[in-house]
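Asker: The residues making up each chain are set out below.
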Amino acid sequence: MSARLWLADLRLTDFRSHAEFRLALDDRPVCLIGPNGAGKTNVLEAVSALGPGRGLRGAGLADMARAAGAETRPRGWVVFAEAVLDGDRHTLGVAAERTPDGGYKRTARLDGRTAPAAEAASLMRLSWVTPAMDRLFAGPPGDRRRFFDRLAFAFAPEHGAAAAAYERALRERQRLLDEGGASGAWLDGLEQEMSVHGAAVAQVRARTLKALAAEIAARPEGAFPKAVLGLTGPLESAFAAGAASADIEDDFAARLRAGRARDAAAGRALEGPHRTDLEVRHAAKDMPAAACSTGEQKALLLGIVLAHVRALAADPGAGPAILLLDEAAAHLDSARRAALFDELVDGPGQAWLTGTDAVLFEAFGLRAQKFELRDGAADAI
Amino acid sequence: MIELLGKLPGLGPRSARRAALHLLKKREALLEPLAQSLADAAAHVRTCGECGSLDTADPCALCSASSRDDGLICVVAEVGDVWALERAGAFRGRYHVLGGVLSALDGVRPEDLRIAKLVERARRPGVREVILALAATVDGQATAHFVSEHLSAIGVTVSRLSQGVPVGGELELLDDGTLLAALASRRAV
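Sequences listed follow chains A and B, in order.
So the first sequence is numbered by the working numbering: it starts at 1 and just counts up by one.
So the second sequence is numbered by the working numbering: it starts at 1 and just counts up by one.
Okay, chain A solo, but in the shape it has when bound (with noise of 0.2 Å):
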């Protein structure tokens, strides 16, 4: 099977390290190889800059600049690429221009005109694994979330603004409940806010949670663990059990009033969906994840991953997506190695990877296009 979503051609300028870079490329997975600091990451950031959102390594339009010297400011960058989707070629480029208070804009175009983000995130779904999250069982919470949150925004785009909103009206709340003696009815209305867009965050992170849990289930035990995955919040959970959104919405408003001086009291709201966890178990071993040894925890990390883009490729509303596994195979043993390899070959969106050594990527044969990167440029191996 080939991917349904893939880079015809990737360009870079001024991007990080690249002052011009290039890669011609058909359907089969990209494997970028090169010592420390050839750029292979940059390349597959600028990949993931084509995306809504900060990019794989959550940065700003100006870090993303190539630092041009002593002589002068950063200038903007531009990642253009041909995406292949389902047999149709689509132009997309994404842009950070200087603006005259010395900031950057960001512009993205599809197909020859200027695109809104959520046109431009419908067409290049992103999922990644970055050695940044090796520790993302065993670290705090937060990262966890994020990282769950990323794959519900792969399935509804409207999960991020959404997430914007609550995030806003608790902060809101906090602040009057922090100054104090603000009026109930101003912190009824925040609370209301808060109950409909936490709700709709819930919600969606819910269908995320059993869209990944089918697809798991759906699988054979291979060389990457299953991983049962859960969510501690109390909407995530009722939306799971088919509880109403409009019940959902009203206990969380009521419990939000009722935790008034209990959230006043401790600087921050104590309950909500900006607290929930996502808890993740070896499903053969009935350990948790952070338990598991580092390479398990890997192998947990990409059976997810694996099945975040293969649920988004059957789900109706979403499609396929790139795949990007920075250093993601050194980690692995060759048997899973070649299974990891084995998947992405057949997988619905074509799959990037990076490595210091071309040995690590022999598993792969002639189904895979190698390149390695040196002083900027790419040769194709």
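Hints are computed from structural coordinates only; laboratory data are not their basis.
For each residue, glycine too, the CB sits at the ideal point set by N, CA and C.
The reader is advised that the hints may include incorrect statements.
Per the computed footprint, the stretches of chain B lying under chain A, defined by three or more beta-carbons under 8 Å from a beta-carbon of chain A, are [unchecked claim]:
(1) 9-20
(2) 86-92
(3) 136-143
Once you've looked at the hints, dock chain B against the given chain A.
Answerer: For chain B alone, coordinates are given in the frame of chain A:
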């Protein structure tokens, strides 16, 4: 002049320079009439003590027009919203401009808005309905909730604009939140 023009919304230093140059080139056709009208506006335009809109008269033309329905008050955040509704030409009642929306983070508090005046107006005999035409943002909706709480004691009908399918919009392209709002505010046909 360039510095002042650059402070206008939507204009940066570069577009301010272009505007200034253009004005100086068209001295008689543009610069002098503009200066005159700016001076006129500064001298005569004031905030209407009744609705909070802007006009050369106080009460404004919209508040004093005898053809409009006193029983309906449409509450908006800014004067620009009055103009937008008037452009649509669909509303024939009176307006009330709050002067913004509540925002704890931006330091806009109830006493900064013209809420007391609204309550006073809504109490008048003959007022049947107050329509809250505020933005579907967190701040706009929190403000709508706050205002409706303050009006609930008066016994006047309070309504708000419905949210949902935009005119000419296709269902398939709507996000879930908008669809839910549209379903929640459906009506019999």
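Asker: Hint by hint, say whether it matches the structure.
Answerer: Hints, one by one, checked against the model:
1. 9-20: holds (count 3)
2. 86-92: Violated: only 0 residues of the region 86-92 of chain B have a Cβ under 8 Å from chain A.
3. 136-143: It holds: at least three residues are needed, and the region 136-143 of chain B offers 6 whose Cβ sits within less than 8 Å of chain A.
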